[in-house]
Amino acid sequence: AQSVTQLDSHVSVSEGTPVLLRCNYSSSYSPSLFWYVQHPNKGLQLLLKYTSAATLVKGINGFEAEFKKSETSFHLTKPSAHMSDAAEYFCVVSDLRENAGNMLTFGGGTRLMVKP
Amino acid sequence: DTGVSQNPRHKITKRGQNVTFRCDPISEHNRLYWYRQTLGQGPEFLTYFQNEAQLEKSRLLSDRFSAERPKGSFSTLEIQRTEQGDSAMYLCASSIELAGRSYNEQFFGPGTRLTVL
Numbered sequence: 001a002q003s004v005t006q007l008d009s010h011v012s013v014s015e016g017t018p019v020l021l022r023c024n025y026s027s028s029y030s031p032s033l034f035w036y037v038q039h040p041n042k043g044l045q046l047l048l049k050y051t052s053a054a055t056l057v058k059g060i061n062g063f064e065a066e067f068k069k070s071e072t073s074f075h076l077t078k079p080s081a082h083m084s085d086a087a088e089y090f091c092v093v094s095d096l097r098e099n100a101g102n103m104l105t106f107g108g109g110t111r112l113m114v115k116p
Numbered sequence: 001d002t003g004v005s006q007n008p009r010h011k012i013t014k015r016g017q018n019v020t021f022r023c024d025p026i027s028e029h030n031r032l033y034w035y036r037q038t039l040g041q042g043p044e045f046l047t048y049f050q051n052e053a054q055l056e057k058s059r060l061l062s063d064r065f066s067a068e069r070p071k072g073s074f075s076t077l078e079i080q081r082t083e084q085g086d087s088a089m090y091l092c093a094s095s096i097e098l099a100g101r102s103y104n105e106q107f108f109g110p111g112t113r114l115t116v117l
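Top to bottom, those sequences are chains R and D. Take the first sequence: its letters are residues 1 to 116, numbered as in our numbering. Take the second sequence: its letters are residues 1 to 117, numbered as in our numbering.
Rather than coming from a laboratory, the hints here were simulated on the basis of the structure. Treat the hints loosely; a few may be bogus.
Stated by the list, open to error - Derived Cβ-Cβ restraints for the label pairs, each shown as a range:
#1 R:Ile60 <-> D:His10: 27 to 33 angstroms
#2 D:Gly3 <-> R:Pro79: 26 to 32 angstroms
#3 R:Gly16 <-> D:Asp63: 49 to 55 angstroms
#4 R:His39 <-> D:Pro70: 30 to 36 angstroms
#5 D:Ser62 <-> R:Gly16: 46 to 52 angstroms
#6 R:Ser9 <-> D:Glu97: 30 to 36 angstroms
#7 R:Glu66 <-> D:Asn18: 46 to 52 angstroms
#8 R:Gln2 <-> D:Glu83: 24 to 30 angstroms
#9 D:Gln50 <-> R:Pro79: 38 to 44 angstroms
#10 R:Pro116 <-> D:Glu28: 39 to 45 angstroms
As the list claims (entries may be wrong) - If we take Cβ atoms under 7 angstroms as the criterion, some of the chain D residues that face chain R in the derived model are:
#11 Gly42
#12 Pro43
#13 Gly109
#14 Pro110
Small disclaimer: the values here were computed from a predicted structure and weren't measured. All C-beta atoms, glycine included, are put in the ideal place defined by N, C-alpha and C.
Based on the provided sequences and hints, a complete structural model is requested.
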């Protein structure tokens, strides 16, 4: 079984300040982890992915995340927020076992608001 | 546009009616997934296909829900006898499954928003 907990349903930051979106996961297997972003009226877009290579993963638009197995965490960060970063962010775990079909399990989402 | 497309984008129906949604995946993708997203929640997995074979359907929410992918290209999701609780965004995603890959990114469509009155 696998699950994802996003610790904050809403995060508000000022433009130009750092962003931290927190995620903890639970998985019976070595997980693959992802962050997706969802802008209003647009499809989910992959920001970055972890697949057991480097623990610090760099994604698009300046985002990065660090996989910490001891803490079962995969927090998303960005050094400086931009107004265009305002969106809903989802932490996702994937079951890569052959019979699981790469089914994605999503967290509840964190809405990021960026103040001018 | 070569992304995943879904039609219609919005559907309003009355309780008890049947509805069908269509998903066209990225053309070379052999896997197709359906998810449901209710307001304020993350998407939840419903079912998936590899080519025309439906390999997992135990997560479909009830026997009123069914999905097909008859020729291994587009897929349809049907909900029979709709209920107000079926109101949600229905998302489709596709990916390409290659032997030896450790993961395969899923590309999502814009979704079909269903409102049941």
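Now for the hints, and whether the structure bears them out:
no., hint, in the structure
1, R:Ile60 <-> D:His10: 27 to 33 angstroms, "29 angstroms, holds"
2, D:Gly3 <-> R:Pro79: 26 to 32 angstroms, "30 angstroms, holds"
3, R:Gly16 <-> D:Asp63: 49 to 55 angstroms, "52 angstroms, holds"
4, R:His39 <-> D:Pro70: 30 to 36 angstroms, "33 angstroms, holds"
5, D:Ser62 <-> R:Gly16: 46 to 52 angstroms, "48 angstroms, holds"
6, R:Ser9 <-> D:Glu97: 30 to 36 angstroms, "34 angstroms, holds"
7, R:Glu66 <-> D:Asn18: 46 to 52 angstroms, "47 angstroms, holds"
8, R:Gln2 <-> D:Glu83: 24 to 30 angstroms, "29 angstroms, holds"
9, D:Gln50 <-> R:Pro79: 38 to 44 angstroms, "40 angstroms, holds"
10, R:Pro116 <-> D:Glu28: 39 to 45 angstroms, "42 angstroms, holds"
11, Gly42, "3 angstroms, holds"
12, Pro43, "5 angstroms, holds"
13, Gly109, "6 angstroms, holds"
14, Pro110, "5 angstroms, holds"
Against the hints set out earlier in the document, no violation occurs for any number.
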